[in-house]
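*Asks:* What follows is the residue order along each chain.
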Amino acid sequence: MRLKVDGVSKEFGGTRVLAGASLSVADGELAAVLGPSGCGKTTLLRIVAGFESADAGTVAIGGVDVTGLPPERRRIGIVPQEAALFPHLTVARNVAFGLPRGGRRDERVAECLNLVGLSGYGERMPHELSGGQQQRVALARALAPRPGVVLLDEPFNALDRSLRVSVREDVRDALKKADATAVLVTHDQEEAMSMADTVAVMREGLIVQKGDPASVYAAPHDLGVATFVGEAVVLDASAERGVASCALGSLPLRSGGGGGRGRVAVRPEQFVVTPPEAGVAGLVERVEFFGHDAALTVALDNGVVIRARTRGDVPHRPGDRVGVGVEGPVLFFEL
Amino acid sequence: MLLVPAVFAALVSLLPIVYLVVRAAEGGLGVVAETLWRARTLELAVRSLGLAAVVTLLCVVIGVSLAWLVVRTDLPGRRVFGVLAALPLAVPSYVAAYTWVAALPDLSGFWGSVMVLTLVSYPYVYLPAAAALARLDPAMEEVALSLGRGRMSVVLRQLRPSVAAGGLLVAMYVLAEFGAVAIMRFDVFTTQIYTSYRAGFDRTPAAVLGLLLVVVTSAIVVAEARSRGRASYATRGAPARRRRVVALRPAARVAGLAWSTSVAVAAVGFPFAAICYWLLDGASAELRPAELFSAFGATLSMSAAGALVSTALAVPVGVIAARHRGRTASFLEQSTYVGHALPGIVIALSLVFFGVRYAYPLYQRWPMLVLAYAVLFLPAAVGAVRASVLQAPPVVEEVARSLGRGPLAVMREVTLPLALPGVLAGGALVFLTAMKELPATLLLRPTGMETLATRLWTETGSGAYGAAAPYAALLMLVAAVPGFVLGHRSTREDA
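Residue numbers (full-length UniProt numbering), protein chains in the order written: chain F, 1 to 335; chain H, 1 to 495.
No wet-lab data here; the hints were simulated from the structure.
Note that the structure is a prediction, hence the values are computed from the model and not measured.
The beta carbon of each residue, even a glycine, is placed where N, CA and C say it ideally should be.
Mixed in with the good hints there might be a few duds.
What the hints assert, rightly or not - Partner residues are not named here, just some residues of chain H that face chain F (Cβ under 7 Å, in silico):
1. V395
2. R401
3. S402
4. L403
5. G404
6. P417
7. L418
Can you make the complete structure from the sequences, with help from the hints?
*Replies:* Here it is in structure tokens:
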């Protein structure tokens with residue numbers, strides 16, 4: 001169901017955590033709320049769930065105002081950071097916890113366990129499962145009563161990296177198959193970008209930008225968002241008629257509008273490494289090899305240090321002289 | 001919703017102080033000042049506090065070391081030691097004191113009191129410490145090791161809430177102790193209160209001394225609450241991992257065995273052997289089975305009722321204390337502790353007073369005695385509930401709320417099932433302690449009722465050690481059953 005959060009504010013002991021945050025998530029959409037720790041994203045989630053009450057603002061689920069309702073009447077599902085399965089109940093009874101008595105309870109439990117790929121685990125106790133399995137059971141438990149909205153609070157934090165990617169995919173698949181509306185809270189931009197349909201960037205108690213991952217990355221609202229959602233080299237610049245002049249030369253702007261003094265942000269994948277005379281000359285400082293690609297740190301002769309993404313078979317070594325050029329339009333933000 | 005029963009529990013606990021204040025005030029300020037100003041009063045304070053401090057320290061040393069050996073090492077026979085370590089709960093302090101003083105008359109005085117009280121009360125530290133060790137997340141110890149610190153650095157830190165709560169109980173238990181110190185002829189507040197109460201028509205000095213004792217204990221409670229501070233000890237999520245067992249080196253193994261054995265021998269073996277000796281020696285004294293039976297029945301029913309009532313009163317207070325920080329929560333919790341600080345004799349007297357003036361139909365009937373037990377043993381029950389509720393992390397309750405359960409349903413289906421083992425353990429502890437209770441039982445039992453404890457007191461008082469032996473044996477036997485269960489639980493793998 002549709003989720004609409006409107007102008008929610010919250011203070012804890014005089015500290016303003018939410019400053020009128022608004023967010024709307026369409027039916028069946030998986031939205032990520034992305035922000036650094038302390039930006040208020042967990043508080044926002046807790047207010048949507050009904051665990052905290054907002055000082056101002058409203059929360060509506062499926063068009064119904066639930067601001068004043070206790071959590072048990074909001075029809076939300078929650079997947080907390082560390083699964084928080086009921087340790088005294090079997091997996092099946094954990095999943096069945098939110099289902100009405102009688103009816104087709106067992107069937108729904110089996111269905112949900114199947115959805116998260118854990119058929120046949122029903123009689124296990126939570127402590128007999130791995131962290132990833134516990135997290136998937138937590139999702140099955142949240143999905144079982146067909147909630148209006150599923151809230152996921154940094155659900156992959158406790159998992160190790162290799163596991164995280166596969167559990168992430170499982171969770172996304174299960175949410176999509178269940179056709180659930182979901183909000184994922186995370187500080188990990190890669191997680192937000194790769195999983196969510198839309199990303200809402202949060203800062204200092206406000207949602208500053210919301211859009212699909214590609215457009216947030218390509219057209220960030222301000223410099224802060226630009227550097228938070230992805231790596232960038234930021235340089236002082238002055239712009240005039242769609243062109244910025246900076247330490248890397250004259251570069252075309254992505255959005256033609258701006259002018260005057262400001263800053264440009266160049267993504268690492270925009271850099272091209274050339275022979276020294278073909279670009280801005282500099283000295284290779286460091287080569288980081290990742291397998292599928294590599295990163296080159298270059299100290300330019302004009303004092304600027306840049307980090308460029310290149311192909312994996314990079315021929316350069318530290319100490320080599322190279323040139324650096326920029327491909328495509330760059331982001332410009334007025335001061 | 002929990003507040004009303006919690007406030008009721010706090011009011012019940014505060015009743016004795018109200019009486020003390022009323023009694024003291026009736027005597028007038030002059031008498032109060034005169035009693036407080038006596039040099040004897042200062043001497044009593046030093047003696048009482050010194051005794052409490054030394055006993056608490058020794059109990060922490062014994063309780064924590066035994067818990068570590070039993071739960072976290074491969075000590076041979078650790079299961080047996082686990083059971084033995086909890087058994088002193090079944091030894092009434094005055095029985096232990098008597099067995100020692102009868103065997104070694106020179107032992108009476110300060111060090112005799114220290115020894116007897118330590119041996120009977122260290123399980124108050126041992127049991128919570130063993131439970132806390134059993135649920136420690138091994139990852140934390142590994143982190144400590146990796147940081148180049150001993151594993152003890154983090155273990156001790158994590159044990160602190162349990163050990164502090166246990167130590168607090170011991171300190172208050174010692175301050176309220178009457179029977180053992182009376183037998184050891186070591187004069188402290190309680191014995192002096194008893195003497196001055198029995199001595200004259202003017203009961204104001206007794207009330208004043210009682211109030212002073214309440215002040216001292218309140219200071220201990222406040223200090224403990226401060227030291228607990230703002231740290232949160234609810235484990236996030238379930239570590240759900242098997243605990244590691246440390247392999248002892250041969251020398252440590254021998255030392256551990258020697259230590260566990262000597263504690264068990266001194267705390268359990270010696271009183272048990274002494275009672276057996278009396279049983280055989282006193283075979284000439286005529287045994288009256290009917291009296292034995294009726295005393296047994298009375299002890300069981302009174303203690304069970306006391307355990308039930310104090311656990312019922314403790315649940316709301318313990319839940320609030322575990323889940324809320326703030327003045328109301330800590331006031332409620334701490335007011336239930338005050339009851340334990342008052343000697344049983346003072347609680348009994350206050351209830352006599354209350355009964356005579358306000359509830360005459362209940363005076364010298366069983367509800368008064370049960371009420372006294374509830375006031376006396378509420379701290380133990382509240383501590384158990386609070387610690388158990390901390391086992392159910394708030395996030396688990398929130399998940400249950402989101403799945404459509406109201407606050408009451410969450411309590412019934414999630415919090416209570418998770419907390420229940422601990423709550424029941426607390427109830428068993430109260431049951432045990434109530435069976436051994438002497439002074440309040442002496443004063444408040446219904447007319448004509450004799451319990452095992454009062455029989456034992458009467459017979460030993462007249463020097464009839466043989467006749468007292470069957471009661472002592474029965475008391476130890478019955479009380480050993482829940483002790484056995486508690487000890488067994490503490491050594492179970494998934495405890």
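*Asks:* For every hint, state whether the structure bears it out.
*Replies:* Consistency of the hints with the structure:
1. V395: 5 Å, holds
2. R401: 4 Å, holds
3. S402: 4 Å, holds
4. L403: Holds, because the Cβ-Cβ distance from H/L403 to chain F comes to roughly 3 Å (cut-off 7 Å).
5. G404: OK, holds: H/G404 within 7 Å of chain F, min 5 Å.
6. P417: 5 Å, holds
7. L418: This interface hint holds because 6 Å falls under the 7 Å limit.
Comparing the model with each numbered hint stated earlier shows that all of them hold.
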